[in-house]
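**Q** Just so you know, the sequences run in chain order A and B.
The first sequence lines up with residues 245 to 478 when you count with our numbering.
The second sequence lines up with residues 23 to 433 when you count with our numbering.
It is possible that some hints are incorrect.
Here are some, though not all, of the chain A residues that point toward chain B, as calculated from beta-carbon distances under 8 angstroms [as the list claims (entries may be wrong)]:
1) Gln247
2) Ile388
3) Ser389
4) Val391
5) Asn392
Using C-beta positions, here's what the derived DEER-type ranges look like [said to hold, decoys possible]:
6) Leu324/A x Asp43/B: 58 to 66 angstroms
7) Leu430/A x Ser423/B: 56 to 64 angstroms
8) Gln322/B x Leu287/A: 36 to 44 angstroms
9) Pro345/B x Leu401/A: 23 to 31 angstroms
10) Trp407/A x Gln169/B: 49 to 57 angstroms
11) Gln322/B x Leu324/A: 23 to 31 angstroms
12) Glu346/B x Arg457/A: 27 to 35 angstroms
13) Ile366/A x Tyr420/B: 27 to 35 angstroms
What the hints contain is simulated information worked out from the structure, not anything from laboratory work.
A quick note: this is a predicted structure, and the numbers were derived from the prediction, not measured.
Heads up, the beta-carbon is just placed ideally off N, CA and C, and yes, glycines get one too.
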Amino acid sequence: MWQQIEESLRESMGRVFTKIATLLPGILAFVLVLIIFLVIAWLAAMLVRWVLMAVKFDERTSSGTSTLTEWTPLHTPTILVTRIVFWSFVTIGVLVGVSAFEAASAESGISAYIFAYVPRVIGAAILLFFGTVIGRFLSRSVLISAVNLNLQYARLLATGVRWLVFVLTAAMVLDHLAIGGGIVDLAFGILFGGIVLALALAVGLGSRDLVSRSLEREAHRPVEAPVEEKLHHF
Amino acid sequence: MPKSDLADEMKAEVQQAGPVDLLLGISGSVNVTELQGQAPSLLERAGISGAVIAYPDAGGREALDSDSNASAAGFIPYSLTGSDPATLPWVVSSAAQKAICSLAVDLSAKACVVLHGDLKMLSVERLQTLTQAIREKQCDLVLPIYQSRKFDGLLNHGILAPLARALYGQRVRYPLAQDFGCSARMFHKLSELTGGRERGDGSLLWPATHAAMTSYQVCQAIVDVHHQAQTEGLELSTILMSLVGSVFAEMETYAPYWQRVRNSQPTATYGNAAQQTSDGEPVDAKPLVESFVLGSRNLQEIWSLVLPPVTLLELKKLSRCPPESFRMPDELWVRIIYDFALAYRLRTINRGHLMGALTPLYLGWVASYVQEVVARSPLAAEQRFEQLARAYEEGKSYLVSRWRWPDRFNP
Numbered sequence: 245m246w247q248q249i250e251e252s253l254r255e256s257m258g259r260v261f262t263k264i265a266t267l268l269p270g271i272l273a274f275v276l277v278l279i280i281f282l283v284i285a286w287l288a289a290m291l292v293r294w295v296l297m298a299v300k301f302d303e304r305t306s307s308g309t310s311t312l313t314e315w316t317p318l319h320t321p322t323i324l325v326t327r328i329v330f331w332s333f334v335t336i337g338v339l340v341g342v343s344a345f346e347a348a349s350a351e352s353g354i355s356a357y358i359f360a361y362v363p364r365v366i367g368a369a370i371l372l373f374f375g376t377v378i379g380r381f382l383s384r385s386v387l388i389s390a391v392n393l394n395l396q397y398a399r400l401l402a403t404g405v406r407w408l409v410f411v412l413t414a415a416m417v418l419d420h421l422a423i424g425g426g427i428v429d430l431a432f433g434i435l436f437g438g439i440v441l442a443l444a445l446a447v448g449l450g451s452r453d454l455v456s457r458s459l460e461r462e463a464h465r466p467v468e469a470p471v472e473e474k475l476h477h478f
Numbered sequence: 023m024p025k026s027d028l029a030d031e032m033k034a035e036v037q038q039a040g041p042v043d044l045l046l047g048i049s050g051s052v053n054v055t056e057l058q059g060q061a062p063s064l065l066e067r068a069g070i071s072g073a074v075i076a077y078p079d080a081g082g083r084e085a086l087d088s089d090s091n092a093s094a095a096g097f098i099p100y101s102l103t104g105s106d107p108a109t110l111p112w113v114v115s116s117a118a119q120k121a122i123c124s125l126a127v128d129l130s131a132k133a134c135v136v137l138h139g140d141l142k143m144l145s146v147e148r149l150q151t152l153t154q155a156i157r158e159k160q161c162d163l164v165l166p167i168y169q170s171r172k173f174d175g176l177l178n179h180g181i182l183a184p185l186a187r188a189l190y191g192q193r194v195r196y197p198l199a200q201d202f203g204c205s206a207r208m209f210h211k212l213s214e215l216t217g218g219r220e221r222g223d224g225s226l227l228w229p230a231t232h233a234a235m236t237s238y239q240v241c242q243a244i245v246d247v248h249h250q251a252q253t254e255g256l257e258l259s260t261i262l263m264s265l266v267g268s269v270f271a272e273m274e275t276y277a278p279y280w281q282r283v284r285n286s287q288p289t290a291t292y293g294n295a296a297q298q299t300s301d302g303e304p305v306d307a308k309p310l311v312e313s314f315v316l317g318s319r320n321l322q323e324i325w326s327l328v329l330p331p332v333t334l335l336e337l338k339k340l341s342r343c344p345p346e347s348f349r350m351p352d353e354l355w356v357r358i359i360y361d362f363a364l365a366y367r368l369r370t371i372n373r374g375h376l377m378g379a380l381t382p383l384y385l386g387w388v389a390s391y392v393q394e395v396v397a398r399s400p401l402a403a404e405q406r407f408e409q410l411a412r413a414y415e416e417g418k419s420y421l422v423s424r425w426r427w428p429d430r431f432n433p
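Isolated chain A, as found in the complex (with noise of 0.2 angstroms):
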């Protein structure tokens, strides 16, 4: 008896160090491919900033109407074509590294697969990356209007604003990767749901009183002649 489950312990950890032994090269190559693509990576990345520095890129670029900067402020055109550039030869680099893995391991499959699913990642990057520019932007404009309509609560509005267009970015980010499936669409929709049942519950059972008594003193107020501006801007 003690002899079978020892001949079987030592059979399993045989199949377990052949099959390192088998993924070992391709992972050792996917590594190897990876640490090239950086380095190749790097120094694309370093030549086009050189480049677009030399040409004035950025001063070139904001003599539209309407430029990048105005909506991301913190990233300048150079700095955006330089991370596009460095991300481009990156994913190349894993794709290149994925058929390297493929090739040294003999595991069919495992390429076309990744390689079907890289239109999916490059679309999910689009749509964070316009997402997370729209959610500042909009922040900011409410952020700005409040504060000039001297409400108290701008910083609080425009958080909440941010965050909203932040919450339907990943849900639409998870959607489109297909991660999550069903629990995703459900998650967001009870969670939109159930922060605009919240603000209805508190402005009408909180506020109750206030708006009612607000109502009432609007329908008591009398007419008053308007009031000449004593300060005049322009």
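Following the hints, position chain B against chain A.
**A** Just chain B now, with coordinates in the frame of chain A:
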């Protein structure tokens, strides 16, 4: 040379009547019947002959022709671009002023006077003041100095006039005048602007800037007129975006010129200066200070993209001041405007956001000014503006340095 939309037959008709000595243009919607009734006799009394009156076309030519007074002076309509009711009043006015200058070129007029559509400037004395300065004093551009109270035209006194003075070296009280008179070479110069990017894009006409850049003679005429700006329903940030944004845009265009200008020159002024400024009603500065403090609490993140750390620190200190002792130093206000001008040029943030972020700071300056001059005489308030204008001039080296080397470390 851009041409006006004046029909050839109308042009021939006008020129057949004799040389056009003066084109009197009305920049903005006008009561045509009132204009027709007043203008001919008034021009006659003012001793102005050979005048043609241009008014914005509202399909009223037939109505004019039926009246006998129209023969005393020619009336010609011109089409007004940007007369959409949603357009800001000074944008419409600027478009009209440009159109009138083009019309003056087309008619080969010897001088041109542009008046606001409310016709408050249409009187013998005021017309004589404007035209005599052109004819007798050889002025190329005559800008009015309007009657104002202590708390009127604060945007003009706090930003537009002192900034224009510091940049272009011409001491003009109202650089964005609603009325002005100009010589032939001046309206030729102004009409050239209509052909470029300026036309129809909401840009404003700054005649004093162009006169200063071409070294034309600029004069000022004191007039007892106060135009009521139609700003009801407009947000302050929208007004700032239009007016201050326009100055900043001009700064960007004419940077090579204004960087060379060192000091400002006084402008010859005609007319009686007595009782020019009257005392305004006292204004409560507390809501203005509160707006500033609210901005300071919430907009630090945005201000930090535009303003250097020292300015931010000073603003933070200011926001902790009790409202009654709230004072914004001139140097601080000038640096803020110059930094915003630079951010406008560099597009550090969206330009609409930039002007929105400037609004609480402007209200802070207004609060400081109101508290400072509330107990002072109107003359002292005028002197206060002069002091601010000098601060703009003294701070110009900071602007030039930041403009030339925006990436240089600025503590």
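**Q** How does the Cβ-Cβ distance of Gln322/B and Leu287/A compare with 36 to 44 angstroms: does it lie in that range?
**A** holds (39 angstroms)
**Q** With 8 angstroms as the cut and Cβ atoms as the points, is Val391/A at the interface with chain B?
**A** Val391/A check passes; min Cβ-Cβ to chain B is 5 angstroms, inside 8 angstroms.
**Q** With 27 to 35 angstroms as the target window, see if Glu346/B and Arg457/A comply at their CB atoms.
**A** Roughly 32 angstroms apart at Cβ, these two residues keep to the hinted range, so it holds.
**Q** At the C-beta level, are Ile366/A and Tyr420/B separated by a distance inside 27 to 35 angstroms?
**A** Between Ile366/A and Tyr420/B, where Cβ atoms are some 46 angstroms apart, the hint is violated.
**Q** If I claimed the Cβ atoms of Leu324/A and Asp43/B lie 58 to 66 angstroms apart, would that claim hold in this structure?
**A** The hinted range 58 to 66 angstroms holds for Leu324/A and Asp43/B, with Cβ atoms some 60 angstroms apart.
**Q** Indicate whether the distance between the beta carbons of Pro345/B and Leu401/A respects the range 23 to 31 angstroms.
**A** holds (25 angstroms)
**Q** With 8 angstroms as the cut and Cβ atoms as the points, is Ile388/A at the interface with chain B?
**A** Where the cut-off is 8 angstroms and the nearest Cβ of chain B is about 4 angstroms from Ile388/A, the hint holds.
**Q** Close enough to count: is the Cβ of Ser389/A nearer than 8 angstroms to one in chain B?
**A** holds (7 angstroms)
**Q** Was the hint right that Asn392/A lines chain B, CB cutoff 8 angstroms?
**A** OK, holds: Asn392/A within 8 angstroms of chain B, min 5 angstroms.
**Q** Per the hint of 23 to 31 angstroms, is the separation of the Cβ atoms of Gln322/B and Leu324/A within bounds?
**A** Hint holds: Cβ distance 26 angstroms, inside 23 to 31 angstroms.
**Q** Does the Cβ pair Trp407/A, Gln169/B satisfy 49 to 57 angstroms?
**A** Holds, at about 52 angstroms.
**Q** If you take the shortest Cβ to Cβ gap from Gln247/A to chain B, is it below 8 angstroms?
**A** violated (73 angstroms)
Violated hints for the displayed structure, listed by number in ascending order: 1, 13.
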